[in-house]
Amino acid sequence: MILPVTLGTLAATALAAPALTTRLGRNAGYPIAAIFLALAGLIAAQAAEITDGGSVSTKVDWIPSIGVSFHLHLDGLSFLFAMLVLGVGALIMAYSPRYLKAEGDHGRFYSLLSLFAMSMLGLVLARDLVLLFIFWEFTTLSSFLLIGGGGLRAIQPATRAFVVTASGGLALLSAIVLMSVAAGTTDMTVIMANPSVVTDSPLAVAIAILILAAAFTKSAQLPFHFWLPDAMVAITPVSAYLHAATLVKGGIYLLMRFSPLFNDWQMWQVTLMTVGLTTAVIGALFALKQHDLKALLAYSTVSQLGFLIALVGVGTPAALAAAALHTFAHALFKATLFMLVGIIDREAGSRDVRELGGLRRVMPVTATLTGLAAMSMAGIPPFIGFVSKEEAYSALLDTPGPEWTGWLAALTAVCAAGLTFAYGFRIFYGAFAGPTTQRRLYEPSPAFLTPAAIPAALGLIFGLAVGVLTPMINRTVADTVMTDTDAKLSLWHGFSAPLALSAITIMIGLLLFFGRYPVDGLLHRHRLPITGAGAFDAIYQGCLRLGAWIGAPTKASTIGAHLAWPLAGVLALGIVGVLMWPDVPDTPVSPTRPEDWAVVGVLAVAVVSLCLVRSRISAIVLLGVVGFVVGIWFLIAGAPDLALTQLLVEILTVVVAVLVLRRLPPFFQQVRRSRKAVAAVAAVASGLVAGAATFLLTGRREQSPAAQYLMREAENNSGGRNVVNTVLVDFRALDTLGEVTVLAIAGLGLLTLLRHTAPPGAELSNLPTVRPPDRAGNMVIYQFTARLLFPGIAAIATFLLLRGHYEPGGGFIAALVAAVAVGVLQMPHGPSHPPRIAGLPLIRVGLTLSVLVGVWGLADGSFLRPLRGYLTIGSLDIGLSSSLLFDVGILLIVLGMAVVAFERLGRGSLHPAERSVAEPVLQGQGGERR
Amino acid sequence: MSAAVIVGILMAGGVYLVLQRGLVRVTIGFVLIGHALNSLLVAAGGMGFRAVSFISTSDPAEAADPLPQAFALTAIVITFGITIYLFGLARSGAEDIPADDVPDEERAS
Chain A
1 MILPVTLGTL
11 AATALAAPAL
21 TTRLGRNAGY
31 PIAAIFLALA
41 GLIAAQAAEI
51 TDGGSVSTKV
61 DWIPSIGVSF
71 HLHLDGLSFL
81 FAMLVLGVGA
91 LIMAYSPRYL
101 KAEGDHGRFY
111 SLLSLFAMSM
121 LGLVLARDLV
131 LLFIFWEFTT
141 LSSFLLIGGG
151 GLRAIQPATR
161 AFVVTASGGL
171 ALLSAIVLMS
181 VAAGTTDMTV
191 IMANPSVVTD
201 SPLAVAIAIL
211 ILAAAFTKSA
221 QLPFHFWLPD
231 AMVAITPVSA
241 YLHAATLVKG
251 GIYLLMRFSP
261 LFNDWQMWQV
271 TLMTVGLTTA
281 VIGALFALKQ
291 HDLKALLAYS
301 TVSQLGFLIA
311 LVGVGTPAAL
321 AAAALHTFAH
331 ALFKATLFML
341 VGIIDREAGS
351 RDVRELGGLR
361 RVMPVTATLT
371 GLAAMSMAGI
381 PPFIGFVSKE
391 EAYSALLDTP
401 GPEWTGWLAA
411 LTAVCAAGLT
421 FAYGFRIFYG
431 AFAGPTTQRR
441 LYEPSPAFLT
451 PAAIPAALGL
461 IFGLAVGVLT
471 PMINRTVADT
481 VMTDTDAKLS
491 LWHGFSAPLA
501 LSAITIMIGL
511 LLFFGRYPVD
521 GLLHRHRLPI
531 TGAGAFDAIY
541 QGCLRLGAWI
551 GAPTKASTIG
561 AHLAWPLAGV
571 LALGIVGVLM
581 WPDVPDTPVS
591 PTRPEDWAVV
601 GVLAVAVVSL
611 CLVRSRISAI
621 VLLGVVGFVV
631 GIWFLIAGAP
641 DLALTQLLVE
651 ILTVVVAVLV
661 LRRLPPFFQQ
671 VRRSRKAVAA
681 VAAVASGLVA
691 GAATFLLTGR
701 REQSPAAQYL
711 MREAENNSGG
721 RNVVNTVLVD
731 FRALDTLGEV
741 TVLAIAGLGL
751 LTLLRHTAPP
761 GAELSNLPTV
771 RPPDRAGNMV
781 IYQFTARLLF
791 PGIAAIATFL
801 LLRGHYEPGG
811 GFIAALVAAV
821 AVGVLQMPHG
831 PSHPPRIAGL
841 PLIRVGLTLS
851 VLVGVWGLAD
861 GSFLRPLRGY
871 LTIGSLDIGL
881 SSSLLFDVGI
891 LLIVLGMAVV
901 AFERLGRGSL
911 HPAERSVAEP
921 VLQGQGGERR
Chain B
1 MSAAVIVGIL
11 MAGGVYLVLQ
21 RGLVRVTIGF
31 VLIGHALNSL
41 LVAAGGMGFR
51 AVSFISTSDP
61 AEAADPLPQA
71 FALTAIVITF
81 GITIYLFGLA
91 RSGAEDIPAD
101 DVPDEERAS
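Chains as they are written, first to last, in the working numbering: chain A, 1 to 930; chain B, 1 to 109.
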């Protein structure tokens, strides 16, 4: 329970941080530091258990269907990193209150920092691949948000850091997917216990490469190193915590964690050592070039991370022990240095190493602490940095393989360490020696210094008494490579090759330091032709341009430009499909009947005329004709319900079209001849392809199994005999619910679209002023007829609805008939008269009713399952089904949509100046009120 | 064969109109394409079976496939909904711009 409690406490801290800062201001860091410290103590209390080879574990099923569990596990390796996360976290939290400005809201900062601690801790504790990935992404995100907190100038660096590390995250995700495919599980304990399931699979190489990509981006290795120095725009606590001590070690952790799988692969070893050592040297060179102390420390971190990666690459227990020790040592001295640079920056107003000198006279404590940490970084005895470097040399010399590789690696490391010594000594010199440049400085408060003093002192204490770390480091190695080891850490190893290398390192370093002016000149004269950030920006801009180029066709504001692409795509697909001429049975079993050709003839004439007419009203009439012909075609194809629907829809379409056309010019716009030609070619091609596809792909089989089943079982299962209707309301009711929802949305969309229409009764500015001479007389006849017709049509609609289950009819058809009734009633009143019923309530009630019927079906075990019963009146048995209610819901929605269309399209529009007072559309639903 | 010809004619007319200027003609073209696809759905059931798919009205062995018909039925109504919406678009465009074509194509190129 310890592990989830720790994570939960950190998450709760993140949530509570804003409230804390409103009470305590920047001092909220102190209680948070106390929480971190308590949690660190909780984890540290497990040390005895861990060193004895035990572990602490929690496993809860999370997504059992794919075998993913919430599995946390604390072993030696996790212990090392968890202590860093919580320990350094506590120091940073205690440092921040004095570093942050007194004013301003720091809730976001503390919250994000706690969130980061939670995700980093989760990352090192996770024992399930999916969990590992999720925490990994959390660290990336919180890092992005923390860097981005630095204001406008932080946008680009934050973006770079995010894009680089998030691509690494994608690589990790791919690796995890492949690994779980290869191993058949996401449980890391199982995979580590039997690495061969992964390493023997054909996916192994891809997995290794992807893991390398994830680790190299996270740990800022060449050529992805550039995001880390960039990230220094973040405030110092963030740099110290994320970009020195913990986040960037995520890659190291990942590589160590997966070492059991790959560390006996030569390619793994060669890649890690090459990239790591190259980064170590180049990073150190860059660091030496810097005068800004923070930039110097950033490149130094890049270099040290390279050193660590090379050690992981060596893969021997001794090398991993050195890596573990150096990870610890680096966190101690680098966090100290960052915190001190922050202090110096605050006090002296400069981070330029050239402007600082003789600080010991004005800020003796700060200078001493800086010196301690710098010496540990430079690898001078008796600091822990010296021990870890000695261990590293010794491990590199013993690199498996030919003897020269060990020497090459060790000598390269000596170069890197020499450079490290040089810039470390530079910081040391700036602190202690030289003339005092700023005499009016004074020592900061002890509260500011203490968090930095603790790791600086620990660096010395652990250096002198490094032996106490031995059991834990051995455990770390044992849990990393799954083999027992017995490294013995001590400050003094006697005269040996590593000691000689250390001596050479110090000599190189001193040479570089004393020759710093020529060295500086040399370094600044030679600039690399490309910088990582420059290359990144070029690629980034390139991607944006590619996107813009791909998206360019959609920028056109004309309708045709948008429609041409999908049409061309469908056409291309169709042509390819037809050209491949699928292997179909020779004899079409679809006989053509003579009456079909009559339909074809009328249709052809109507469609061609429709394409040629210029008058809008003629076009609408022809559209109606086409619709009726299609309806007749449905009728002779054996689909009376379709035919009915089609005919009714056609009537309503024409009515709506006429309402719209009243406000448009009588003729269509002219179209250029060339465009007509192109359209005609596209049209003929589309027609041929569609026709060929229909000919090839339909009607070449016997009755489908679905049809046979429905014809056989529909009545037994639903009580209905009109099979099409039973499909709509019983068998595939969920489909229908989705479709009527689309209609409801179309109705609402229309309401929003036409919200500027004049309210009923308003004076209309743009209606035709010419009125028929005997308007009043005509109206009387109309109104009388409408009153006469309405009850009849309404009765027909009800009848159609009720019989829908057995005969042609149903909710859709009844709704369309009812809509005709509403239209008839509306016509004599003209657009200024509000309809008797409003569309929106109909849609609302209909949708609610349909869903309620669905929920009712749950009573019988399934959403929308129809419930059936029988009503006996005398000797008459009437079958009842809840699907009738569902059909009523459909009716209401479709009717509502049609009423909305009549109501809105019929109205006049408001003059633009009056629009601000137009009625709210969706009043009572929080609708937009313009 | 007749189904194929009907689908072809409707498709050709629809595509031609969709590529014209003006939202009203585009809408009409859209309706034609809708007809074409609904006819295709019905044809998918096989034009050899044309008896109405009502139980105890027609011989089940002759009956048309009810499943694609149900698809087509909802498709017709959805087409209607979208048609109305497109007309609404044409209508709302007409308020600000005299013609129903939202932008002027000659200028937009």
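For the record, the hints were derived by calculation from the structure and aren't laboratory data. Just so you know, these numbers come straight off a predicted model, no measurement behind them. Hints may contain errors.
Residues from chain B shown here face chain A by an in silico Cβ test under 7 Å; the list is partial [said to hold, decoys possible]:
id: 1; residue: V5
id: 2; residue: V18
id: 3; residue: Q20
id: 4; residue: A64
id: 5; residue: L86
By construction, the Cβ of each residue, glycine as well, lies at the ideal position given by its N, Cα and C atoms.
So, going through the hints one by one against the coordinates:
1. Hint status for V5 of chain B relative to chain A: holds, with the closest Cβ pair at about 5 Å, below 7 Å.
2. Checking V18 of chain B against chain A by beta carbon gives a least distance of about 5 Å; that is within 7 Å, so the hint holds.
3. The interface hint given for Q20 of chain B holds, since its Cβ lies 6 Å from the closest Cβ of chain A, which is under the 7 Å cut-off.
4. For A64 of chain B, the interface hint holds, since its Cβ comes within 7 Å of a Cβ in chain A; the closest pair sits about 4 Å apart.
5. Annotation: L86 of chain B was flagged as interfacial toward chain A, and the flag is violated, the nearest CB pair being 10 Å apart, outside 7 Å.
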